[in-house]
Amino acid sequence: DINSHNEWTQSRINTDENDVQHIIKCFKSCSPFALNGECVLRNIVTGELAEESTSRCLLNVKENGEALLTTYEKERFSQETKKLSDRIQKTKFFNFKETPSKSNKNAPNKKLQDVTDITIFQKSFMTASERGLNTRILASYELLNYCKYLFDSDGFYRKSPKSQLLVEVEKNYNCGTSSQKDVINLNAFKVYIIDGMALVYKIQLKKFNTFGDFAEVFFKKIMEFYALPG
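With my numbering, the residue at position 29 of the sequence shown is 53, and numbering never jumps.
Hints were generated in silico from the structure; no laboratory data involved. Careful: at least some of the hints might be erroneous.
[As the list claims (entries may be wrong)] Here are the simulated lysine to any residue pairs, SDA-like style, with alpha carbons at most 20 Å apart: (1) Lys244 to Tyr225; (2) Lys116 to Ala74; (3) Lys230 to Ile217; (4) Lys86 to Glu76; (5) Lys230 to Glu75; (6) Lys231 to Asn42; (7) Lys244 to Ile218; (8) Lys230 to Thr33; (9) Lys98 to Asp110; (10) Lys116 to Glu90; (11) Lys230 to Glu240; (12) Lys86 to Glu75; (13) Lys98 to Ser109; (14) Lys114 to Val85; (15) Lys114 to Arg80; (16) Lys107 to Tyr96; (17) Lys244 to Val224; (18) Lys231 to His46; (19) Lys231 to Ile47; (20) Lys114 to Thr94; (21) Lys231 to Leu83; (22) Lys226 to Ser109; (23) Lys116 to Leu65; (24) Lys231 to Lys244; (25) Lys226 to Ala74; (26) Lys226 to Asn38; (27) Lys98 to Leu108; (28) Lys244 to Thr234; (29) Lys106 to Thr95; (30) Lys116 to Met150; (31) Lys226 to Met247; (32) Lys226 to Ala239; (33) Lys106 to Ala91; (34) Lys116 to Val85; (35) Lys114 to Ala91; (36) Lys86 to Phe118; (37) Lys226 to Lys244; (38) Lys226 to Lys195; (39) Lys107 to Thr94.
Sequences and hints are given; from them, build the entire structure.
Right, dumping it as structure tokens:
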């Protein structure tokens, strides 16, 4: 039932609508079939921009294919400069996966791109499938673009040194009691260790205009998580 979907809220509807409008605006302002060189082809999954030679190859694939077919007919049938049994040379059509900079291993002054890069979106589904989890449940949640450096290769969060920090705090708890009386809304019998960057990644930064707005929401999230008054 779409009405009982856990993500079917007005804010989610507005977000999806804005995404659709952004795509429509992109197509209106920049045609992917334009040959004037002003439009850069983009992989909508990885965000990778195509190289100029790749864009030119993809946009002219029909004309290049017809030219190759004409050459084949002339060489084998009209001019008979080659036999039908002669090997056909492979023609490379560059795309996002295979580009001139990736195929040329000796390209000078060019940083070779890693074609094995994988997005968190793809990795989440691969990990869930390997562990026998229900991917339909995973697909019902909005997947944010978390920083890939927060994860290990097995899909779990990287281990944080904050666990060791907790041990040190427990051993030397009294070291901070003198300053706790000056902190408002902080329970003097508890010590809170917060992963600030992990919390930042969970907050949608695009909706803030100033750092003060972000700081206010950041502090509010901390208060809500620990159920603190404030």
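### Task
Any hints from earlier that this structure breaks? Give me their numbers in increasing order, please.
3, 5, 21, 22, 25, 30 and 38
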